[in-house]
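Let chain U serve as the given structure and place chain S on it in line with the hints.
Protein chains: 2
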Amino acid sequence: MKKAEDFSEWYNEIVEKASLTDKRYPIKGMNVWTPYGWKIMQAIDRHIREGFDGTDHQEVCFPLLVPEDQFAKEKEHIKGFDAEVFWVTHAGLNPLDVRLLLRPTSETAMYPMFSLWVRSHADLPLKTYQIVNTFRYETKQTRAFIRVREIHFFESHTCHADFQDAERQVQEDFDILEKLAEKWCIPYRLLKRTDWDKFPGAFYTVGIDTLLPDGRSLQLGSIHQYNENFSRPYDIKYEDDQGQHKYVHQTTYGMSERLVGSIVAIHGDDKGLVLPPEVASIQVVIVPVLAKGAIDKVTEAARQLHKELKEAGLRVHIDERDVRPGVKYYDWELKGVPLRLELGMRDIESGKITLVRRDIGAKSLNDRSRAVDEVKDMLLTIAREMLARAQKEMDENVVTVDSLDNLPSKMIRTAWCGSEECGHEIETRADKNILGMPIIDEKYDGKCVICGKPTKTPVYLANAM
Amino acid sequence: MKKAEDFSEWYNEIVEKASLTDKRYPIKGMNVWTPYGWKIMQAIDRHIREGFDGTDHQEVCFPLLVPEDQFAKEKEHIKGFDAEVFWVTHAGLNPLDVRLLLRPTSETAMYPMFSLWVRSHADLPLKTYQIVNTFRYETKQTRAFIRVREIHFFESHTCHADFQDAERQVQEDFDILEKLAEKWCIPYRLLKRTDWDKFPGAFYTVGIDTLLPDGRSLQLGSIHQYNENFSRPYDIKYEDDQGQHKYVHQTTYGMSERLVGSIVAIHGDDKGLVLPPEVASIQVVIVPVLAKGAIDKVTEAARQLHKELKEAGLRVHIDERDVRPGVKYYDWELKGVPLRLELGMRDIESGKITLVRRDIGAKSLNDRSRAVDEVKDMLLTIAREMLARAQKEMDENVVTVDSLDNLPSKMIRTAWCGSEECGHEIETRADKNILGMPIIDEKYDGKCVICGKPTKTPVYLANAM
Numbered sequence: 001m002k003k004a005e006d007f008s009e010w011y012n013e014i015v016e017k018a019s020l021t022d023k024r025y026p027i028k029g030m031n032v033w034t035p036y037g038w039k040i041m042q043a044i045d046r047h048i049r050e051g052f053d054g055t056d057h058q059e060v061c062f063p064l065l066v067p068e069d070q071f072a073k074e075k076e077h078i079k080g081f082d083a084e085v086f087w088v089t090h091a092g093l094n095p096l097d098v099r100l101l102l103r104p105t106s107e108t109a110m111y112p113m114f115s116l117w118v119r120s121h122a123d124l125p126l127k128t129y130q131i132v133n134t135f136r137y138e139t140k141q142t143r144a145f146i147r148v149r150e151i152h153f154f155e156s157h158t159c160h161a162d163f164q165d166a167e168r169q170v171q172e173d174f175d176i177l178e179k180l181a182e183k184w185c186i187p188y189r190l191l192k193r194t195d196w197d198k199f200p201g202a203f204y205t206v207g208i209d210t211l212l213p214d215g216r217s218l219q220l221g222s223i224h225q226y227n228e229n230f231s232r233p234y235d236i237k238y239e240d241d242q243g244q245h246k247y248v249h250q251t252t253y254g255m256s257e258r259l260v261g262s263i264v265a266i267h268g269d270d271k272g273l274v275l276p277p278e279v280a281s282i283q284v285v286i287v288p289v290l291a292k293g294a295i296d297k298v299t300e301a302a303r304q305l306h307k308e309l310k311e312a313g314l315r316v317h318i319d320e321r322d323v324r325p326g327v328k329y330y331d332w333e334l335k336g337v338p339l340r341l342e343l344g345m346r347d348i349e350s351g352k353i354t355l356v357r358r359d360i361g362a363k364s365l366n367d368r369s370r371a372v373d374e375v376k377d378m379l380l381t382i383a384r385e386m387l388a389r390a391q392k393e394m395d396e397n398v399v400t401v402d403s404l405d406n407l408p409s410k411m412i413r414t415a416w417c418g419s420e421e422c423g424h425e426i427e428t429r430a431d432k433n434i435l436g437m438p439i440i441d442e443k444y445d446g447k448c449v450i451c452g453k454p455t456k457t458p459v460y461l462a463n464a465m
Numbered sequence: 001m002k003k004a005e006d007f008s009e010w011y012n013e014i015v016e017k018a019s020l021t022d023k024r025y026p027i028k029g030m031n032v033w034t035p036y037g038w039k040i041m042q043a044i045d046r047h048i049r050e051g052f053d054g055t056d057h058q059e060v061c062f063p064l065l066v067p068e069d070q071f072a073k074e075k076e077h078i079k080g081f082d083a084e085v086f087w088v089t090h091a092g093l094n095p096l097d098v099r100l101l102l103r104p105t106s107e108t109a110m111y112p113m114f115s116l117w118v119r120s121h122a123d124l125p126l127k128t129y130q131i132v133n134t135f136r137y138e139t140k141q142t143r144a145f146i147r148v149r150e151i152h153f154f155e156s157h158t159c160h161a162d163f164q165d166a167e168r169q170v171q172e173d174f175d176i177l178e179k180l181a182e183k184w185c186i187p188y189r190l191l192k193r194t195d196w197d198k199f200p201g202a203f204y205t206v207g208i209d210t211l212l213p214d215g216r217s218l219q220l221g222s223i224h225q226y227n228e229n230f231s232r233p234y235d236i237k238y239e240d241d242q243g244q245h246k247y248v249h250q251t252t253y254g255m256s257e258r259l260v261g262s263i264v265a266i267h268g269d270d271k272g273l274v275l276p277p278e279v280a281s282i283q284v285v286i287v288p289v290l291a292k293g294a295i296d297k298v299t300e301a302a303r304q305l306h307k308e309l310k311e312a313g314l315r316v317h318i319d320e321r322d323v324r325p326g327v328k329y330y331d332w333e334l335k336g337v338p339l340r341l342e343l344g345m346r347d348i349e350s351g352k353i354t355l356v357r358r359d360i361g362a363k364s365l366n367d368r369s370r371a372v373d374e375v376k377d378m379l380l381t382i383a384r385e386m387l388a389r390a391q392k393e394m395d396e397n398v399v400t401v402d403s404l405d406n407l408p409s410k411m412i413r414t415a416w417c418g419s420e421e422c423g424h425e426i427e428t429r430a431d432k433n434i435l436g437m438p439i440i441d442e443k444y445d446g447k448c449v450i451c452g453k454p455t456k457t458p459v460y461l462a463n464a465m
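Chains U and S, in that order, are what the protein sequence lines are. Mapping of the first sequence onto the numbering used here: position 407 corresponds to residue 407, and the numbering continues sequentially without gaps. Mapping of the second sequence onto the numbering used here: position 351 corresponds to residue 351, and the numbering continues sequentially without gaps.
Derived by calculation from the structure, the hints in this document are not laboratory data. There are no misleading hints in this set.
Identical chains blur together in the list; that is why a pair holds if it fits in one copy or across any two.
Listed below are the simulated DSS-like cross-link pairs for lysine-lysine, each with C-alpha atoms no more than 27 Å apart in a straight line: (1) LYS127 with LYS307; (2) LYS127 with LYS23; (3) LYS23 with LYS237; (4) LYS140 with LYS2; (5) LYS307 with LYS179; (6) LYS39 with LYS17; (7) LYS307 with LYS292; (8) LYS23 with LYS73; (9) LYS28 with LYS127; (10) LYS246 with LYS23; (11) LYS127 with LYS310; (12) LYS28 with LYS75; (13) LYS179 with LYS39; (14) LYS328 with LYS127; (15) LYS376 with LYS392; (16) LYS39 with LYS183; (17) LYS310 with LYS179; (18) LYS17 with LYS127.
Here chain U stands alone, though its shape is the one from the complex (with noise of 0.2 Å):
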């Protein structure tokens, strides 16, 4: 299947060929993570705790299930998650008291311990992390890694003095954003969503939108401004330093397995996955030619390389297999590996090795005694054209309009007013849905495509995923 005919039935085939899942597991939209797959989603976890950790977040583990009266405090947000949680109604032999749901994301598990953990301004910020499985009833079609019912998901949930101090977290979310996207060689646009697509319970919501290759935008998680939505009815408060006691203000920043999704749909081409060198289990893979006479000299000097390479940091893999080179190159093709490095009795005697980039295919003869850092220089090419190249036929996909007539599988820029009628109406016509306004500022000058208002704020529209 060939990625540019049919975009979805080409990713539903890559992520079974490459290994990366197991669907056929006996609940539908719950999958298996394969050896593979899941040492991707483990590189991007160890990416995560990197940048979090790094911003004084602490890691926590909250239990996957609530009880339904602690679900229940918060209003808004009960009424956005009651049609698809999974409610657990007896252990062992009986039935609950109290029924159980498995946590769809965890602001009600959290917020009753915080109500406990803060009592004065010196335990704020509270800036806490977990990495663990939700869980949504999904009843649209599921799709690996995008749409599943049990979900590998990051969430960030902090406290706060006051709402700047909150609005300083929401912006520390960008910054790490920013870098790990950079690893992970994915582009997106930072939207503030609309009041009526915002999270359940949030003030505001910010969703990190990326493009597939079909035109639909695919949203790699949301950054939330909680406000006092959540510490009023869970009652978290502290004492500040005149002896009065305040609601915190909260944020959260949720993240999920859609980022192996979408690094499979973006980077991926009709020979298979292409992992940025960052996610990568195996970075390198060695693959030695073979030529009669010569196998000693040649498994030799290629296990030399291996040793060599492995003890420099790098992820490093030596293809000894008993097949023909063809068959090697095909399957780490199919697998993703950034690099391939051949070695033949040729290259051998020259002093050479040959470097084969995954990602455009180019060949190049390198220098044996500068390997490691040939190869460490390649790594970051291939990630930096990634980025640029996946960054460029993003900004290509995005169209600016101003009338919603004939519009595009892109993602759509176009004016309008902000009112919530105008903003339907936007929706009906483009038959698209309103991502919401971009969080940086972007110089722009337009009149409202309903009511012609003039504003200074674009509006991004796209058929979500």
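Then chain S, alone, in the frame of chain U:
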């Protein structure tokens, strides 16, 4: 509370005071992993991953929920668990067609997939593991880390061509355990459970038992040989090199957050936790001892030392809080940090550092110029001596007897002919559980304490926690 006076109360108090867990979550037996406790669990998980990755196991992650029909396939297994599983019966607003249970362990989630994964002898051995949370509706009194309803759990699952290869796996598991237990400074006995006490569905079960200070045994994990007991109902077959279809032989190995509980229980003292250096998230805490007029100089020297130790790969923390050194000593002793480094003006002038061991309280003056080596050496010494002391204590609390009269609150070693009838009689008369027969050959000559029949293998009894 003193450990020697009331171990049980001391334990409950210490896990709370050292902030290892928060038991105030509104579901009994489902506790919150606080940052400090979670770091200890993560260190243990890291060791486990090293051990299993290093022996060619592959990490996977299977769904949490298991359909009732899959769960019911192995009859003994379901009998063993059906009184203690949590049932998901509804999703959103509707009842589910097939009830789903929260995994109490993952045989029934994994084996339907193994049946698809294993095709030929080339797929064997299949060696997988996962680290996930599991769920058991405990009806006994809960206790942090030791008896909880959401359990942080490690489980390996392997498939082999024949019984002998599965037996080799069991031996490999013993070897992995030995290295892990050394890091955790935990002594244990490997005891083959009786037929009436083995894991539901297992061919045989080896318990990993340690001994608590109050004389009760604590099972830290278990290693199971399944033979074909699961591969038959789950239809996990392979084609051997003769073209014959055969059932695989399986093993599993499970350990849980009880490891954290055992470290607390075995090593802790009346001042708080005593963490093994490999487990401690802070291995060394630097406490600058500031005197008037030398504050800047001492602070600078302490920070320089902090930097050096950190760069040497040590997990080091500098406590610059504005409180008296005595308060800091108290806090870090409670938290169980293995080594305290005190640095005052006198130390600086004489080119020395003061090191204080948490485990035995010993203080020593060491050369500043050799700080990194001294600290590393001392951590190794602490680990070695912690294990040796714990081992000695366990050995001293195993008592060999030839009658069941007046048994002490210890682990008992005695003679049992092996018959089920005598076994039950022993358990009743001794008012203890039979833990099992030792896996490692012990020189022994005895006569069954019930029927008098001679035996060359002792049996171990204890009051199991």
